[in-house]
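Sequence order for the protein chains is A, B, C and D. Under our numbering, think of the first position of the first sequence as 1, with each following residue one higher. Under our numbering, think of the first position of the second sequence as 1001, with each following residue one higher. Under our numbering, think of the first position of the third sequence as 2001, with each following residue one higher. Under our numbering, think of the first position of the fourth sequence as 3001, with each following residue one higher.
Hints listed in this document are in silico derivations from the structure and should not be mistaken for laboratory results. This structure is a prediction, so every number in the text was calculated from the model and none was measured. Check before you lean on any hint, since a few could be wrong.
To be verified - Calculated pairs, DSBU-like style, for lysine-lysine (alpha carbon to alpha carbon, straight line, at most 30 Å):
no., chain 1, residue 1, chain 2, residue 2
1, A, 103, A, 307
2, D, 3103, A, 307
3, B, 1103, B, 1307
4, D, 3307, A, 307
5, D, 3307, D, 3103
6, B, 1307, D, 3307
7, C, 2307, B, 1307
8, C, 2307, A, 307
Claimed, not checked - So the derived list for chain C, only partly shown, Cβ under 10 Å to chain A, looks like this:
no., residue
9, 2068
10, 2072
11, 2093
12, 2154
13, 2164
14, 2190
15, 2301
16, 2304
17, 2307
What the hints assert, rightly or not - Computed far set for chain B versus chain A, every beta-carbon distance over 10 Å:
no., residue
18, 1001
19, 1025
20, 1136
21, 1256
22, 1274
Note that CB positions come from ideal geometry on N, CA and C, so glycine has one too.
4 protein chains.
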Amino acid sequence: MRAIRKVAPGPGLEMAEIPLPVPGMGEVLLQVKAASICGTDLHVRNWDPWAAEHAVAPLTVGHEMCGIVVGHGSGVTDPPIGTLVSVESHVVCGVCSWCRTGKGHLCPETRILGVHRDGVFADFVTVPAANAWPDPEDMPLSIASLQENFGNAVHTVSVPEIEGRKVLVTGCGPVGVMAVAAAKALGARSVYATDVSAFRRAMADRMGADATFDASTVDVVSAVLAVTDGEGVDVLLEMSGAARAIDNGLRLLKPGGEAALLGLTSRPITLDIDDRVIFKGATLHGIVGRRLWDTWYQMRALLRGGKVDLGPMVTHRLSLEDFDMAFDLMASGNTGKVVLFPDPTDADGPLYRP
Amino acid sequence: MRAIRKVAPGPGLEMAEIPLPVPGMGEVLLQVKAASICGTDLHVRNWDPWAAEHAVAPLTVGHEMCGIVVGHGSGVTDPPIGTLVSVESHVVCGVCSWCRTGKGHLCPETRILGVHRDGVFADFVTVPAANAWPDPEDMPLSIASLQENFGNAVHTVSVPEIEGRKVLVTGCGPVGVMAVAAAKALGARSVYATDVSAFRRAMADRMGADATFDASTVDVVSAVLAVTDGEGVDVLLEMSGAARAIDNGLRLLKPGGEAALLGLTSRPITLDIDDRVIFKGATLHGIVGRRLWDTWYQMRALLRGGKVDLGPMVTHRLSLEDFDMAFDLMASGNTGKVVLFPDPTDADGPLYRP
Amino acid sequence: MRAIRKVAPGPGLEMAEIPLPVPGMGEVLLQVKAASICGTDLHVRNWDPWAAEHAVAPLTVGHEMCGIVVGHGSGVTDPPIGTLVSVESHVVCGVCSWCRTGKGHLCPETRILGVHRDGVFADFVTVPAANAWPDPEDMPLSIASLQENFGNAVHTVSVPEIEGRKVLVTGCGPVGVMAVAAAKALGARSVYATDVSAFRRAMADRMGADATFDASTVDVVSAVLAVTDGEGVDVLLEMSGAARAIDNGLRLLKPGGEAALLGLTSRPITLDIDDRVIFKGATLHGIVGRRLWDTWYQMRALLRGGKVDLGPMVTHRLSLEDFDMAFDLMASGNTGKVVLFPDPTDADGPLYRP
Amino acid sequence: MRAIRKVAPGPGLEMAEIPLPVPGMGEVLLQVKAASICGTDLHVRNWDPWAAEHAVAPLTVGHEMCGIVVGHGSGVTDPPIGTLVSVESHVVCGVCSWCRTGKGHLCPETRILGVHRDGVFADFVTVPAANAWPDPEDMPLSIASLQENFGNAVHTVSVPEIEGRKVLVTGCGPVGVMAVAAAKALGARSVYATDVSAFRRAMADRMGADATFDASTVDVVSAVLAVTDGEGVDVLLEMSGAARAIDNGLRLLKPGGEAALLGLTSRPITLDIDDRVIFKGATLHGIVGRRLWDTWYQMRALLRGGKVDLGPMVTHRLSLEDFDMAFDLMASGNTGKVVLFPDPTDADGPLYRP
């Protein structure tokens, strides 16, 4: 079968023919129908320090996907053959104290598809049956694929108290934009968003932001104070990993406010703990992955309940063969989600033509 | 009456005669029976940058006290004349959104006794009636005085989930030591504590720590891992404000753990948000003051319920006249609480003799 | 001034001339601009057993209102003269453990306007300044008046976890209908409602219910299971006080579900604790009044944030002089909120013509 | 092997020889070392209406046990052969929304050992590997056996907020008595308990109750008010299932209090929802089983942390052969836990001699 591979440590990816994987005990074999690109995939392609430290090679990359169950490993009967499923990319141990108490997203033994084991940019992939999440038959494939990424947004939004609150989202990459939509759907009073990219701010506007600000030209603190009667916000959803965004976001937090931090800073940052955290009695929540499996049920509620429409998030559809162009598009910053289709006739919208 | 005064900006304190204050509308006049020294008072005495920025002068210093209600301002009938009361030193506005929703400790209009308005190292003081907390008649005066400081500890302990948890307290000043006792009383499985001072570690041991470590000579991370089966702790109570203690404490936090931060760092610190907060899904709580008035009710439960004995915390009793010696003792670091008595015959234990 | 009075124990109300009240210490004098009728007012008018036990006479009735601050008692400066305010009808002591910890709605000393002290169906009324909630100048008077009642709905909705959940509202009186709207605005996945009145079900539909059911002709359990894939609901908001509605609602609750109970049953009911509560690990929350003052801030978020439009709730506007007709309309069950205007030229919509 | 069997529907039990069970996929084979008797076992022995409805026959009874792992079904490697384990008696599906979100105790597919599938009063039993909880090697066998029952107590105590609270336990069967101990260990300010049996009240006293009351001769409401300054309690832990105990307990609950209901009432009861729940803003929590697996980790903290000593709970040790006498003892009400040993030389204390 075809697979997009990191053949050895170092930059670059290539398409290769590799043997069809065989599902082990407790696993399913999936035929990939759609697979979307995430920022992590760019790190692996570039083999930056994070990737060099965390990823293995050789490796099939990619971790966001949907597909059809086409084989069962031993002991597996569910989901049945033929089921459309999305995939949770974090493979957890199932027996540690975190896994056994509804906190599997914190499992220290987590193995990630496309980082620690073969991923989903391929014709087929094997995953634990527990990681295959059945979707409605009529869910568009691109949306089924990007659910995994949507889960990061939903997880972030679900941790602080959001009902009736004023919310600031710093960073309008796909997760930030989806967080805007989720926050509005889950009862936020108003949602403001910042980004340096006009394209991304426009995405945030389209997905429901009450106002967006260009962090490169506007004094974000003044701008957000101006739209919040000088009060600031109750909740910060930090998606950028930028030290300045974190500092500004915490400045804008009202006393007693909550910040959910998802964006990785890549390096230690300088933080005024006294004024940004202690004196204002703020709470900071580190967010990783999706809550297993609360977040998936929350996504189901948002999507099936019609409260969030992820359609506008999918800006580019390409054939798996065109993965290089797809990665370049994603790297440009001027995209929503970029989705690959192993069989381009499966595309649920027009294919991208450069 | 006598009062310990900061007569003008700059270092030093002196005892002065000033007029008896008159309680305003909603206030009570208190005769001070005992008053304990806090680290904040040392800052004001030294007139360090924090004090220069926050405190006013002229000013009567001190904010931890108990006393007897001896006068009522207009509109006040409670607590009745003759009642022994402890004092909450944060005077809040009562009408902002925080005050009106049980979060008065976050009131932006907070005025602190001995910092923003005349404090308690004096024969008499006026405070809002709402800030006078009735004590049992038989409560020792020194303990009634230090309740306010105990409240910092109880507030810190009450924010993370503590029941059945392994807890690390970094910093064994009086608040840290009292946090050890409160954590044990409120169901912590085990409490470990660190400090560079042998005197303070001994205080922590005496108040119930399962083990204490000398942060100046021991690798705290290794030491705490060794006593926790290599797991680390569920909860960090940070009382030192030291960047290294914060870093070590967060390193030791298990995935999903909680840190309550009370110790002020004085300056911005460098923090590895990715590894210390995000990847481990940690939660950081900034802690300021006491919850108004939940913390006071919690203290009542701990003290009247006999779950915490603060007696050993009081290591030095002096006459108010000996305030200079008392401040020097406190500054040495080798004390628990140092308590001043305007009338030394009120002392509930032997007076300190150098 | 004019006031609608219960002159002595027994049924009936009459309009009387009484002296203008004088605001005491801490109180404001309000000129009533609009006042809406609540079910409680009907109880007082009828002098049923509940009223005979709880209400005093002579008494000016009514407790939902908005008005203008026209006088200050001693010690009061806020809200300023001329401010449009809504009124919280529960006058609490301010000093008990509940009042001091953000749970004033549970104050054992609660005195209710129009029940325990003179109410708002009058030209003027005095209330504690703390009970006067400033409104935006452009808020329609009828909506400003019914905020107090909306608060019951918002309080009920805010107690269980509502985000992304399937919700059942049993009982579509005004509070039930407003709970439908609040639940949708605060992120409920879907909201179903039951009532025996077609008029009230139509109100619920209009305010956003996903489906409504006639409890008098439909098997509610089957009907709700049919629209929830046989699963039932996550949350029950019980507004009817009917034993059968409670039983059906708890039957429909999924394991681990939450029920918020606002509707009074008037007499003890029979309940299968084992099957309805214990085996399903359900949680039942008793709901009384509005959280002081969290609920008012939540209302502000919903109304100013444009998340709920209460306009359709106001179905009848009448002059205060026509109070008897207004009470009869309210008693018919075929109304939303019925609002009285002391000065009919203040009406923010056409006056009702029979 | 030997097993205590219900051979057919109807009263009675007998010891029989049956084939050694074979562990299926995902299961372990355990050699039973100690097994304790629970009230449920008495129901099954008597074949009362509950048992007739829920239990199957033929059946090996019993569900509380510890034992040694002596065999692995396919796919199992943990816990290793030779490990001492306690058993969680609720076998859950692992794939429903409850199991996947840390709420496995609410799994609708729950099968209980000794009720729905063969239980533990036998020489050997098979259980899912996930239900085998490794114990420290030096844990006394009787305590390892009764952990499952302790879990009911710990679960009940862990649901309401218990830190610093006044607590009432109604019903001092083994679970009630262990709840007294757990509540004290987890920070309750004071714990009061009621029962009609002097033996059981003495057990509660021994395990840490601040005061106990004879519900058959004392006015419990007056008695508890007398020891709580007339305030009542913050938390009710209801273990009796008696309608009067529930009513008294809820009467004694302070406004805003929480009740955790574990005791089954067997039949619907009459409850004054208005006065007992709504007006006081009370919260009622139905409690079933143990939280999977939070409760087991909490037990580990309490037992390994030395915060609870369950030793006094074990009042009778008998050989498995003497099961009839053991059941009679348990039925008398004058016991703590009664523990059976398949090999009487394993007994960790003197065997009972009548």
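Structure-based check of all given hints:
Straight-line distance between C-alpha atoms of residue 103/A and residue 307/A comes to about 26 Å, which keeps the hinted pair within the 30 Å bound. For the hint pairing residue 3103/D with residue 307/A, the CA-to-CA distance comes to about 26 Å; that is within 30 Å, so the pair holds. This hinted pair checks out: residue 1103/B and residue 1307/B have alpha carbons roughly 26 Å apart, not beyond 30 Å. Of the supplied pair hints, the one linking residue 3307/D and residue 307/A is violated, its CA atoms being roughly 48 Å apart against a limit of 30 Å.
Only pairs whose Cα atoms come within 30 Å are accepted, and residue 3307/D paired with residue 3103/D is accepted, the gap being roughly 26 Å. The suggested pairing of residue 1307/B with residue 3307/D holds, with an alpha-carbon distance near 14 Å, which does not exceed 30 Å. Proposed proximity of residue 2307/C and residue 1307/B is contradicted: the alpha carbons are some 48 Å apart, above 30 Å. For the given pair, residue 2307/C sits about 14 Å from residue 307/A by alpha-carbon distance, which is consistent with the 30 Å threshold.
With 10 Å as the threshold, the beta carbon of residue 2068/C stays out of range of chain A, its nearest partner Cβ sitting at about 23 Å, so the hint is violated. Annotation: residue 2072/C was flagged as interfacial toward chain A, and the flag is violated, the nearest CB pair being 25 Å apart, outside 10 Å. Annotation: interface hint on residue 2093/C violated; nearest CB of chain A at approximately 25 Å, more than 10 Å. For the restraint placing residue 2154/C at the interface with chain A, the shortest Cβ-Cβ distance is roughly 9 Å, inside the 10 Å limit, so the hint holds.
Annotation: residue 2164/C was flagged as interfacial toward chain A, and the flag holds, the nearest CB pair being 4 Å apart, inside 10 Å. Because the beta carbon of residue 2190/C sits about 6 Å from the nearest beta carbon in chain A, less than 10 Å, this interface hint is met. Look at residue 2301/C: its Cβ gets to within about 4 Å of chain A, closer than 10 Å, so that hint holds up. Taking 10 Å as the C-beta cut-off, the interface hint given for residue 2304/C holds, the closest approach to chain A being about 8 Å.
Given hint, residue 2307/C at the interface with chain A, holds; its Cβ is 7 Å from that chain's nearest Cβ, closer than 10 Å. Consistency note on residue 1001/B: stated as away from chain A, and its beta-carbon is indeed over 10 Å from all of that chain's, at 33 Å minimum. Distance check for residue 1025/B against chain A: the nearest CB is about 27 Å away, which clears 10 Å, and the non-interface claim stands. No Cβ of chain A comes within 10 Å of the Cβ of residue 1136/B; the nearest lies about 30 Å off, and the non-interface call holds.
Some Cβ of chain A comes within 10 Å of the Cβ of residue 1256/B; the nearest lies about 5 Å off, and the non-interface call is violated. Not every C-beta of chain A lies more than 10 Å from that of residue 1274/B, the closest at about 5 Å, which undercuts listing it as non-interface.
In the structure shown, a violation is registered for the earlier hints numbered 4, 7, 9, 10, 11, 21 and 22, in ascending order.
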